[in-house]
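If you want the building blocks of each chain, they are given just below.
There are 2 protein chains.
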Amino acid sequence: MEVLFATSNKGKMEEAAEILKEAGVKVRQYAFRYSEIRSDSLEEVARDAVQAAYKRCKQPVFVEDAGLFIQALNGFPGTYSSWVLKKLGIKGILKLMEGVHDRSAYFEACVAYQEDNYTIAMFHGKCFGRITEEPRGSKGFGFDPIFIPEGENQTFAESITLKNKLSHRYKTLLEFSKSLKLRR
Amino acid sequence: MEVLFATSNKGKMEEAAEILKEAGVKVRQYAFRYSEIRSDSLEEVARDAVQAAYKRCKQPVFVEDAGLFIQALNGFPGTYSSWVLKKLGIKGILKLMEGVHDRSAYFEACVAYQEDNYTIAMFHGKCFGRITEEPRGSKGFGFDPIFIPEGENQTFAESITLKNKLSHRYKTLLEFSKSLKLRR
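So the sequence lines, in the order shown, correspond to chains A and B. Quick note on my numbering: the first sequence kicks off at 270 and runs consecutively. Quick note on my numbering: the second sequence kicks off at 270 and runs consecutively.
By construction, these hints were calculated from the structure, which means they are not laboratory data. Some hints here could point you the wrong way.
Pairs count within a copy or across copies, as identical chains cannot be separated in the list.
[Unchecked claim] With a Cα cut of at most 25 Å, we get these calculated SDA-like pairs of lysine to any residue:
| id | residue 1 | residue 2 |
| --- | --- | --- |
| 1 | K360 | S428 |
| 2 | K360 | S446 |
| 3 | K324 | K395 |
| 4 | K290 | S310 |
| 5 | K364 | G347 |
| 6 | K440 | A390 |
Bear in mind that the values here come from a model prediction, so they are computed numbers and not experimental data.
Just chain A, same shape as in the assembly (with noise of 0.2 Å):
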C-alpha cells in the first residue's frame, strides 16, 4: 500500500516514513501549492488541507500540522507556530514568558487522511511540558530548544530520543500507522 504525504517539509516526510514502514506501508512525498486557512483550531486547518491535496491527487494522501500551545499566552503561537518561530524566534517567545511562573504548555499534532471521495480520518497527539528560561539543546528543529516534556529534565533539543518517544508528532503518526494497518 502506498500513501501520499503533503508536505514540503524532509525532516518531516522521514519521519513519517520510518514509522509506517512498520505498518507496511510506504510513504511517497507530494508536494503542492496551497494557501492553509487561518484557525485557531489545528484539526480544521489539517481538514481543509487534505481536501485540497485529495482534489488535486486523487489517492490516499495526509497531511500533518502541529502547533505549540502556551497556557499564559492564551495558546500562543499555536496554529501559527512556524509563522511566529519566523518572525520572533526562540527569544521571542522568551521575551514573552520573562517573569512569567506558569510555564505550562503543549504540542499538538493533527494527522488528517483522506481516503477517497468520503473517507476522512483525523488523528491528534499531544505531549504536555513547561517552558524552560533558556534555549538549551541544538538536536531537533523549533521550539524544541525551549520545551521540557512532563517528567522530564531535558529539552527536546537535548535528547532525541526523548523527542521521538515522547513527541506529539511520533503518538499521532503511531496512531495513524496503527489504523492503517487494521485497514489492510
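Use these hints to put chain B onto chain A, whose structure you have.
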C-alpha cells in the same frame, strides 16, 4: 450605485459608508462566513477573500484588510494583527519591544473590490509611525494606543481627528472612493 462590504466589523462598516457616501455610493454590509488564507501579504489575503465573497453574492463587493507591521519584529504582527491582539494584547507587543531602539512601524490597509466576473481592483494605504513605550489614549481600537504617526506626538487612541485624517484605512477608502466616482 450600491456596493457590498464583506465585513463583520460594524465600526469599519460605518467608516466606509461615511467615506463612500461622498462618491455617491451606498454601502451595504455583507456578512459571510469564510476562512481567510494565511499569507504575509495583505493583498493576497484580500484578493482571495473578495473572490470568495463575489462568488457567493454575484454583485459588486469589496473587502478590507489591515495590519500593523513592526520593523524590529520582522513585520510582526502584520497580516495576523487581530489574532495577535487577541492572544497577546498590546502588552505582549510592548513586551516584545522592551529595550528595542528601532521603534518604527507602519499600519497598512488594503481594499480589494470585485465588480464582475473579470475585474478586481486593489487599493492600498500606509501610515508610517512609531511604537510608543506605553499605551496612551482610549479612543479607536486595536493597536491605536501604541502607535504615533510620523511627525505627530499623539497616538491614534489619543486623537480620533488625527486618526481619521492620517489613517491607512482612510487613505485606502479615499482612493477606492475616487475610483468608484470615476467609474460611474
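Hints, one by one, checked against the model:
1. K360 x S428: Classified as within; 21 Å inside a copy, 34 Å across copies.
2. K360 x S446: neither (35 Å within a copy, 43 Å between copies)
3. K324 x K395: Cα proximity of K324 and K395: none, with 29 Å in one copy and 38 Å across.
4. K290 x S310: Neither way: K290 and S310 sit 29 Å apart in one copy and 39 Å across, limit 25 Å.
5. K364 x G347: both (17 Å within a copy, 19 Å between copies)
6. K440 x A390: The answer is within: 15 Å in one copy meets 25 Å, while 47 Å across copies does not.
The structure fails to meet hints 2, 3, 4 from the earlier list, while all remaining hints are met.
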